[in-house]
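Peer 1: Line by line, the protein sequences give chains A and B.
When you line the first sequence up against the working numbering, it's residues 1 to 307, in that order.
When you line the second sequence up against the working numbering, it's residues 1 to 75, in that order.
Derived by calculation from the structure, the hints in this document are not laboratory data.
Even for Gly, the Cβ is constructed at its ideal location relative to N, Cα and C.
It is possible that some hints are incorrect.
Here are the simulated distance ranges between beta carbons [unchecked claim]:
1. B/Glu-2 <-> A/His-193: 54 to 62 angstroms
2. B/Ala-38 <-> A/His-61: 58 to 66 angstroms
3. B/Leu-46 <-> A/Phe-262: 30 to 38 angstroms
4. B/Arg-48 <-> A/Lys-136: 32 to 40 angstroms
5. A/Val-95 <-> B/Glu-2: 57 to 65 angstroms
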Amino acid sequence: MQKHLADTLGAAVHVAGVVDTAHASAAAHGAGNGDLFGHLLEHLHDSRELDLPFAHIELPHFASIDFFGVTVDLSITKHLVFLWLAAVLLLTAAVAAARKNAKSAVPKGIGNLVEVFLVFVRDEIVIPNMGQAGLKYMPYLLTTFFFILTMNLMGLIPYGASSTGNINVTAGLAIIAFIMIQAAAIREQGLAHYLAHLTGGVHWVLWPIMIPLEVIGHITKAFALCMRLFANMMGGHTVVVSVLGLIFLFGVVWIAPIPTFFVVAIDLLEIFVAFLQAYVFTILTSVFMGLGMQSESHGGERSKANH
Amino acid sequence: MEANALGYLAAGLGAGLTVFGAALGIGKLAASAVEASARQPEAAGLIRTSMLIAAALIEGVTFFALAICIILATK
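Model the full assembly from the supplied sequences, consistent with the hints where possible.
Peer 2: The following block contains the structure:
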């Protein structure tokens, strides 16, 4: 009941924020529905301004740098600010939990909470897929899990934005995952065996077909990781913004409770999706790492054929 | 019909077909996972893990198509 109230309040503040800005834009442009759509979408896209309650911060622009013909714009945007915020939040929580846990053998408080997630990641994700050798990759996988989770959840608080709704952020995460998958495979098997696995154990005549296929397979897996996370987060927020926009489409106040309750329900689903997508990213990364780490001992060709 | 209208139509039809395919695939997956858990409750944890991984892979493909539909609708 309290959570329901809090969520309704959150949604109401969301609406209040949208109403403020929508009124301003309507007054300024005499806007019709097209402008409403574009303006609502601004809440989803990256922007150079931070819209806080009763404050409007213009973020610094830096000039674009020309980088061998590619223009790179390194100015600070909303998603970048929330990325840093998530990182700072995570660092604080992790250091606090580590300090709490170092003091006594029995974890308490925030140390206990973090330990629940840690044991979950270790026993359900790392050990079944990568075995005991996977424990040295635990820091990376834990970082992935908690970072994505924090970024996803930041999109649900009012005036927040989820950085994972930006394809550049998820592309960065996927590139790092790709590098880690290859690094794990090379480290466990050695470079020669890793390259041998790329051929898949077929006759050497088929190598020109097999090797590009394997390489494309690896790249596709990383690309899928990127797209899955991005589209899940973007899609959820798009639905929320669209349903709230229905209020403005109808233009009458008394219809406001219906979309608001619908949005509250979808926000609860979004919380679940935030956890689920963090879990799925982590477990897929660990599955791919585990596939790369399998040595030739127990029927290497057979286990490769299984995927 | 002009190209813009055809683009919007294609985006809408594409999104609907994508959801249809994904729901069909994940529905079959969930049905067999639940049935397997009912037959052997001790394996429910392992089955749940495999189900989540397979569902995530199917949904990943869905989101490729969805991204293409969004590009169609906004360009």
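Peer 1: Confirm or reject each hint.
Peer 2: Hints and how they fare:
1. B/Glu-2 <-> A/His-193: 54 to 62 angstroms: With Cβ atoms ~57 angstroms apart, the hint holds.
2. B/Ala-38 <-> A/His-61: 58 to 66 angstroms: For A/His-61 against B/Ala-38, whose Cβ atoms are near 60 angstroms apart, the range 58 to 66 angstroms holds.
3. B/Leu-46 <-> A/Phe-262: 30 to 38 angstroms: For B/Leu-46 and A/Phe-262 the Cβ distance comes to about 36 angstroms; the hint holds.
4. B/Arg-48 <-> A/Lys-136: 32 to 40 angstroms: 27 angstroms, violated
5. A/Val-95 <-> B/Glu-2: 57 to 65 angstroms: 59 angstroms, holds
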